[in-house]
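Undergrad: Protein chains in written order, with the working numbering: chain A, 1 to 176; chain B, 1001 to 1599.
No lab work stands behind these hints, which were simulated from the structure alone. Each residue gets a CB set at the ideal place from its N, CA and C atoms; glycine is no exception. Among the hints, a few may not be true.
Unchecked claim - So the derived list for chain B, only partly shown, Cβ under 8 Å to chain A, looks like this: (1) I1390; (2) P1451; (3) T1571.
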Amino acid sequence: MRNALLLASCLLAAAACRREQREIVHSPAASHASGGIVRLSELQPGQPTPEVEVRNASEEKAYDINEGKRLFAAYNCSGCHSHGGGGIGPALMDNYWVYGSHPENIHDTIVEGRPNGMPSFGGKIPDYQIWEIVAYVRSLSGLVNPTVAPSRDDHMQVKVAEQSKKEESTEEKKKP
Amino acid sequence: MSSRFLSSLGVAAVLCACACARSNPPVKTDLHQLSRDDAQWVMPAKDYASTRYSGLAQINTSNAKQLKLAWTVSTGHDRGHEAGPLVIGDTMYYVTPFPNDLIAIDLKNPTGPPKWKYRPQNLETESQGVACCDVVNRGAAYANGKVFLNTLDGRTCAVDAETGKEVWVRQLADINRGETITMAPLVVKNKVLVGDSGGEFGVRGWVTALDSETGKIAWRAYATGPDKDVLIGPNFKPFYATDRGKDLGVSTWPKDKWKIGGGTMWGWISYDPELDLIYYGTGNPGPWNPELRPGDNKWTSGIFARRPDTGEAVWYYQWSPHDEFDYDGINEQLLLDLPIGGKTRKVLVRPERNGYMYVLDRATGEVLSADAYGAVTSSFGVDLKSGRLIPNKAKEPGTGKVIPDICPAAPGAKDWQPSAYSPRTRLIYVPHQNLCMQHEGTDVNYIAGTPYVGANVVMVPGPGGHRGEFDAWDPVQRKKVWSIRENFPVWSGALVTAGDVAFYGTMDGWFKAVDARTGTLLWQFKTSSGIIGQPVTYRGPDGKQYVTIAAGVGGWAGAIVAGGLDPRDATAALGFVNAMKDLPGATNKGGVIYTFALP
Chain A
1 MRNALLLASC
11 LLAAAACRRE
21 QREIVHSPAA
31 SHASGGIVRL
41 SELQPGQPTP
51 EVEVRNASEE
61 KAYDINEGKR
71 LFAAYNCSGC
81 HSHGGGGIGP
91 ALMDNYWVYG
101 SHPENIHDTI
111 VEGRPNGMPS
121 FGGKIPDYQI
131 WEIVAYVRSL
141 SGLVNPTVAP
151 SRDDHMQVKV
161 AEQSKKEEST
171 EEKKKP
Chain B
1001 MSSRFLSSLG
1011 VAAVLCACAC
1021 ARSNPPVKTD
1031 LHQLSRDDAQ
1041 WVMPAKDYAS
1051 TRYSGLAQIN
1061 TSNAKQLKLA
1071 WTVSTGHDRG
1081 HEAGPLVIGD
1091 TMYYVTPFPN
1101 DLIAIDLKNP
1111 TGPPKWKYRP
1121 QNLETESQGV
1131 ACCDVVNRGA
1141 AYANGKVFLN
1151 TLDGRTCAVD
1161 AETGKEVWVR
1171 QLADINRGET
1181 ITMAPLVVKN
1191 KVLVGDSGGE
1201 FGVRGWVTAL
1211 DSETGKIAWR
1221 AYATGPDKDV
1231 LIGPNFKPFY
1241 ATDRGKDLGV
1251 STWPKDKWKI
1261 GGGTMWGWIS
1271 YDPELDLIYY
1281 GTGNPGPWNP
1291 ELRPGDNKWT
1301 SGIFARRPDT
1311 GEAVWYYQWS
1321 PHDEFDYDGI
1331 NEQLLLDLPI
1341 GGKTRKVLVR
1351 PERNGYMYVL
1361 DRATGEVLSA
1371 DAYGAVTSSF
1381 GVDLKSGRLI
1391 PNKAKEPGTG
1401 KVIPDICPAA
1411 PGAKDWQPSA
1421 YSPRTRLIYV
1431 PHQNLCMQHE
1441 GTDVNYIAGT
1451 PYVGANVVMV
1461 PGPGGHRGEF
1471 DAWDPVQRKK
1481 VWSIRENFPV
1491 WSGALVTAGD
1501 VAFYGTMDGW
1511 FKAVDARTGT
1521 LLWQFKTSSG
1531 IIGQPVTYRG
1541 PDGKQYVTIA
1551 AGVGGWAGAI
1561 VAGGLDPRDA
1571 TAALGFVNAM
1581 KDLPGATNKG
1591 GVIYTFALP
């Protein structure tokens, strides 16, 4: 039964076959195309030069995103951002990003911190976990494939599941 | 007349401090005396008894409907404006939310440029990340020619009232441990009293007294830990047996949990000069999930009476032993002399967050009465024999337990927004909210500088569906005399005058004047943003009575607007957002000081 379901979901989205993968030894989750620059601004003086393209492998694995969800609570991200709606920190489930929505932007936000009160977690959280959290944060606004996003919650129902989250409208400009 | 005279005395004190400080100690302001001058508003709650009552009566119930806008000043800030202004002589002082500016407005020429503006140097913007409930500030204090303000990043600053020059700065709180300062200081006997915020961050609460002339720390009293840290000594005589014993601030906690147990002080302090006692409450214990901290969790969610000179504790009473619902005990205490049981008693009235209006004997800490003034399901009342709150076991939170219909919700039947008392009507004017909550306890890791809450909370409107009330309460008859229902929580303070007019503001921006005897609406004015500030009144240099309120929505209740939060998450802003989904449609942010007068 379970296998049949699995198969069905694989048929639905071939890419999602990776969703059940778990790693014992963590290879670097993200790969940088060499030479690129992580940009926080769309404004580039002169000729545009390419940005770095980062692939966050955790975004393809349900297990990793689920781990990201667990870690989001365990590292008290939820204390400041609630379940994505925000509180002390800004909402993370909407399409408004001050410091960028790309995986590398969110990774930098977590590692470096941000001046208006986002703590710098660099050196405090293993890098593979940061990439898992990045994947989860992006799932909050529908930026990952819904077939790998968490679909249920063991807690009190407070918002729709990440899985049923559609990508936020891109009417408002995404940075960068 | 008297105000001009007294303020020139204040100036004399400054001159003297410069010219002759070496030989003579500077002349000190008698604040108690000064607070009786209704031309001015010299401390946050008008007087040491925290009545917010002014003897001015130019504006009264028959002419209030003619009130007109006199002048406005933009504060240049867009987060929650919870502060009320001070009026000293011919100058008004206002502290903004973070980054905390102190603005001095010349009341002889209020439409001209401000006299001066002071901003502490190099404010740490990171402090905004450890402010649980918007980056608010609740006001400044005055004494001896100086204005005192606290900054979110944990300092107390003394500023020359005339020139705006910094006199001293003292760093008191550490944002890396989650401490901030949001309360309005109070000056008692040349000591500036300051407490910390951070009850949602596992900080250890304290109140500190600073020398008003130098900023030197005179004493610090913690709200948890061994007696020597809490300044409990041989003169500590709590009324109830459960508060007696050695080091209860340690033994009523699981091992070492008192070190991160909360008990902060971000609310109000009152002072009785005759008994020579200061009174203030202590905040909620942390984390919110009570299962993680069995015991009474002393000395959180209670009230201390202390000597201002030494800080030593004289009595203590615990509103909410082993608090289960974030019922901080830091609300205002009105010090009144009331006829109770056939004689006049010196009492302290506290509209407490747990939903009860307490009347305490302020010399001893004995509870004389405690009556519900809002919807309460979390407890069954207060046992007057033992003084103890009777908790409703059915509402006791625990890890993984989802409990509906807990009333009042986490911000209580009333939060920090201070009441007023009129000796003419003998009524207390109570701005408050009507909210209940659904609560789930969770596990939580303590990570210094990050929230330490352990609960998912979702708030909903209380019985009746309205979210706010402005009530008149008779503390002798122990009942509500009239009540105005408001759609949104009434998150502003109250003011009442000898003209029998009571003032308050609403979160959708209406500033209202009501008849203090009947609650009838006399006048209202729509300001540019929701009101969560504290109204004050004063007599201007032209002899006219003025009423001032700052608009600028925010605070915990208004976080959805101030922080642009997403209502699709019912737990946003610790669950407050769920009850305020319609606020963004009703108001917008931006701080403006409004002053009104008769034409």
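Undergrad: With reference to the structure, classify each hint as holding or not holding.
TA: Each hint, compared with the structure:
Annotation: interface hint on I1390 of chain B violated; nearest CB of chain A at approximately 27 Å, more than 8 Å. For P1451 of chain B, the interface hint holds, since its Cβ comes within 8 Å of a Cβ in chain A; the closest pair sits about 3 Å apart. Hint status for T1571 of chain B: holds, given a least beta-carbon distance of 5 Å to chain A, under 8 Å.
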